[in-house]
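Undergrad: Here's the letter readout for the chains.
2 protein chains.
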Amino acid sequence: MNYLVTGGAGFVGSKIADKLICQGHQVVIIDNLSTGYLSNINTNATFIKGDCSDINTISKLNEFAFDAILHIAGQSSGEVSFEDPVYDINSNTVSTLLLLQYAVKKGCKRFIYASTMSVYGQQGDQLCFSEKDLTNPLSFYAVGKLASEAYLKIYSAIYGINYTALRYFNIYGPGQNLVNLKQGMISIYLKQLIDPSFDKITVKGSSDRFRDFIYIDDVVSITTGFINQQASFNEIINIGTGKKTTVSELLALLKQHTGIEKPVEYYAGTPGDQFGIYADIHKLNNLYTAPLEHIERGVRLFCKNALGVK
Amino acid sequence: MNYLVTGGAGFVGSKIADKLICQGHQVVIIDNLSTGYLSNINTNATFIKGDCSDINTISKLNEFAFDAILHIAGQSSGEVSFEDPVYDINSNTVSTLLLLQYAVKKGCKRFIYASTMSVYGQQGDQLCFSEKDLTNPLSFYAVGKLASEAYLKIYSAIYGINYTALRYFNIYGPGQNLVNLKQGMISIYLKQLIDPSFDKITVKGSSDRFRDFIYIDDVVSITTGFINQQASFNEIINIGTGKKTTVSELLALLKQHTGIEKPVEYYAGTPGDQFGIYADIHKLNNLYTAPLEHIERGVRLFCKNALGVK
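Chains A and H, in that order, are what the protein sequence lines are.
Numbering of the first sequence is given in this note's numbering, commencing with residue 1 and proceeding in unit increments.
Numbering of the second sequence is given in this note's numbering, commencing with residue 1 and proceeding in unit increments.
Mixed in with the good hints there might be a few duds.
[Said to hold, decoys possible] Computed cross-link-like contacts, DSBU-like style, restricted to lysine-lysine with a CA-CA straight-line distance of at most 30 Å:
id, chain 1, residue 1, chain 2, residue 2
1, H, K204, A, K105
2, A, K283, H, K105
3, H, K204, A, K244
4, A, K182, H, K132
5, A, K204, A, K304
6, H, K204, A, K109
7, H, K105, A, K204
8, A, K153, H, K204
Keep in mind that the hints were calculated from the coordinates and are not lab data.
Model the full structure from these sequences, guided by the hints.
TA: Dropping the structure here:
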């Protein structure tokens, strides 16, 4: 089969492309290398350097035909979205529109979209969210992702595109960017812990905040498995573990598995950041039955890998 | 006071600008004249021709300081939004971001936004919607407006901008564009009825569809009245009458008040068009107590005006 993977030089996109190539498929990757790395790109993929929100990049796809488009690219930092909201909407929303228009033009009927748990926002005391719950986007990032989900529904209703929107919770694991300190809660703390140039760990927000962390290999298996799984067609699906881990539990695990101790300093949180959220995964459980990595083993694998490649 | 009115050459924006100028205020108008007319622009306003989604247009505002921004401009046709979704998101969403950024930079704390009842979409058998109801945007137009509302909430929470988002239902009345056959249900039918070059009225969708039509003068009074009404700050408010009128009732009224009879032909509806919707106006009633124009008198006034200026 022929697949397009956008963001294929990034943490999640590159692992998805690797898996598809490993399964014997042809993969074209688009990436603007703004946060991804050339070295992440599978050498058996066809690589197009460019931005998915740029019509000139999309027009380079005219010579290809895809069985599915996996739109994983995107500006994925809530923090960055506040620095340049217009870039954010281009990166996360206009890109989706252009790829959907391309899909219609070329007759590609399958579209997988990397959405986010951020669309739920803070809603009173609610901590666990299912796909049927109200959304309340509190960052530009979340607004753009939610608008993209709405576009998918319109393209499904009118043009028959079978979408799956994956509301990724916090993805972590080997391969995560340890240089970019604006995205990835675990990677940000791990970087500060293992890099001797940091004498402390800076945490923006309370230690009681918690997240639902899902291991990268699980995300790759779920995402690639859905491509031909009809039960996932035209569904929005939470991709999490249904378990919560607080910032302090996470810091303890990181210290344990790296064997490194550093002081932790707490500062004010990022605007629009969510206090605590975890996934209701009943829908995911009906579609994907393999066991998910436990946070303790996942963090151990990540620490081991990070220390090896430091 | 000093006000910025975007879309001030359009149907609603020009009437709002007229009223503010009539009250003795200074008004700057931005309009790209894509659907508005130079002749609509109040000669006592300062006019900047340009697009609110263009940073060069916004930078022309640097020499001004406003007490409030009324962002009325926008691509307002659901039909056009399907022809060019990227133009739509620029027109309706990026423009809002740029104006909010400008407001923060210049310390303008008041922002009134023209949103739409289209954000509710079709939701099962529900016909009447309040501001607390779920949204389900079915057109690109509605997605962009809903994203803008979310941006307003973020700018309110973080930068202290006092927004009011007005979910306009179907606005009609003298001054409505009778040339553009892609927006305005009443104006589209009225044009076809009174223009001899049309031998029939074309209706896209069923005659049982209904809308909540609100007269232009009421919309102008409500919108300008909210500028300094603190109870409307940081609220999303339905702007409708709470009454429904079907397409066939409307056609009967138009025929009655123009004295013209023409055959009506029905075709398939526009994608994303809503079958029937009317406003729960409890919130509006608490903020605006003047009586609203009844549809029969409003249509009569519109027909009279249209026949006079045909």
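Undergrad: Give me the numbers of the hints this structure contradicts, sorted from smallest to largest.
TA: Per hint list: 2, 3, 4 violated.
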